[in-house]
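**Q** With the sequences and hints as input, model every part of the structure.
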Amino acid sequence: MTARWVLHLDMDAFFASAEQLSRPTLRGRPVLVGGLGGRGVVAGASYEARVFGARSAMPMHRARRLVGPAGVVLPPRGALYSALSGRVFEVVRSFVPVVEQLSVDEAFAEPADLAGASADEVRQWCERMRARVLEETGLVASLGGGPGKQAAKIASGLAKPNGVLVIGRDDQHAVLDPLPVRKLWGVGPVAEQKLARVGIDTIGEFARTPEVEVASLLGATIGPALHRIARGLDDRTVAERAEAKQISAETTFASDIVTLAQLRAAVDASAAQAFGRLRADGRAARTVVVKLKKSDMSVLTRSTTLAYASADPEVLAAAARRSILDPAEIGPIRLVGVGYSGLSTASQGSLFPDLDSLCRDGGSVALTTGGDPDTPAGPETIGEVPASARRPTDRWYPGLDVRHPEHGHGWVQGAGHGVLTVRFETRTTGPGVARTFSADDPDLILADALDSLA
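Going by UniProt numbering, the sequence shown opens with residue 1, and the numbers climb by one from there.
Simulated from the structure, these hints should not be mistaken for lab results.
These numbers were taken from a predicted model, which means no experiment stands behind them.
Heads up, some of the hints might be wrong.
[Claimed, not checked] Restraint ranges, calculated between C-beta atoms of paired labels, are given here:
1. Lys245 <-> Lys183: 24 to 32 Å
2. Val419 <-> Arg132: 39 to 47 Å
3. Glu213 <-> Leu179: 46 to 54 Å
Ideal Cβ placement from N, Cα and C applies to all residues, glycine included.
**A** Next comes the structure, spelled out in structure tokens:
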């Protein structure tokens, strides 16, 4: 293990960079990706927006105030980010076969051919892979290298934006010890406060604290493990992550859902989003879970277990619909989620046509109801209202992908009062021309977000 090199790849401002890549007009401009409503949260901010103090997980209304009128606010386009992530990690896997992917834009790797290499050799290797990612995808990544996962992850953060940093085993303490203890992967706000109360503010101070004291502060399991990593002892292996046990999608709405019709539309939209992820995963699901978060923040979950694992979107959506509760009875709802579990690579849908019909038509299936707020939530589209859950008057909204028979692919820059402005451009066109249309123009239709990469 003394000769190992662990790498950490982190795409720079991934969501915002994906928007700037596919919409050339946005390049060089402050872009905020996230929820557009009053409860919206920033999912991603371009570096141009970060100059003003905007950052991920910040309330969108605050980020918009910081950035000012120059900022462009867009709803997330999950399909686009997923497709680009796939392209990025296809390139990464061409360099190293085993990749521990943490998210759509972040992963660890431990190239066998770097064992025993010098720091300069590792840096050159990282630059080659980074250049290939840029060439193949148009996106910028930062890479960190170190003798363990923690050093590599911190190095990639220090390398941002658009850089490479390699921390050798003998250099770990010089580089890491002065950093805030919060930089340690696993130290969150609560642990940071506990350590600060006893005067531990940096990684070096934490490493020099007796292990017994660390255990009393952070727990007998987590404390010593973090303490060992802070001392530069990190032998955690890099391995492919296990398959997800649940695939889900959920949306926080700008305005509470108060009618059954609204809830049905929202459930259908979340079921469709979750099914898209299920289909991409290549598995079928036997259990359908509906999660409803009320305006008072309490959570209700209801699950339906089918007689067999299904990959039929109508069967799964019908099961989700049967689990909903009327907002008139339970109160206003702010978040809706649909999850699929009991995942299997085998689906028996076509073998049971009568049962398929029963499931679609609302026949009886095994039903269990619970109120566990800790039910896995899965990916959330914060503040984004799916098109199928919108009122008819909200058909057009900023950020929506559209197509026109004459002008091609574009995206809505603004809409209201019966008109909308569309910017026609894709990744390869350069900044496009903007044109104004009537909201009921029959030639303007919804388009696939992936077409913006053409």
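**Q** Evaluate each hint against the coordinates.
**A** Status of each hint after checking the structure:
Range check, Lys245 to Lys183: about 30 Å between beta-carbon atoms, so the 24 to 32 Å window is met. At about 44 Å, the CB distance of Val419 to Arg132 agrees with the hint of 39 to 47 Å. For Glu213 and Leu179, the hinted distance range of 46 to 54 Å is not satisfied, since their beta carbons lie about 20 Å from each other.
The structure shown violates just one earlier hint, number 3.
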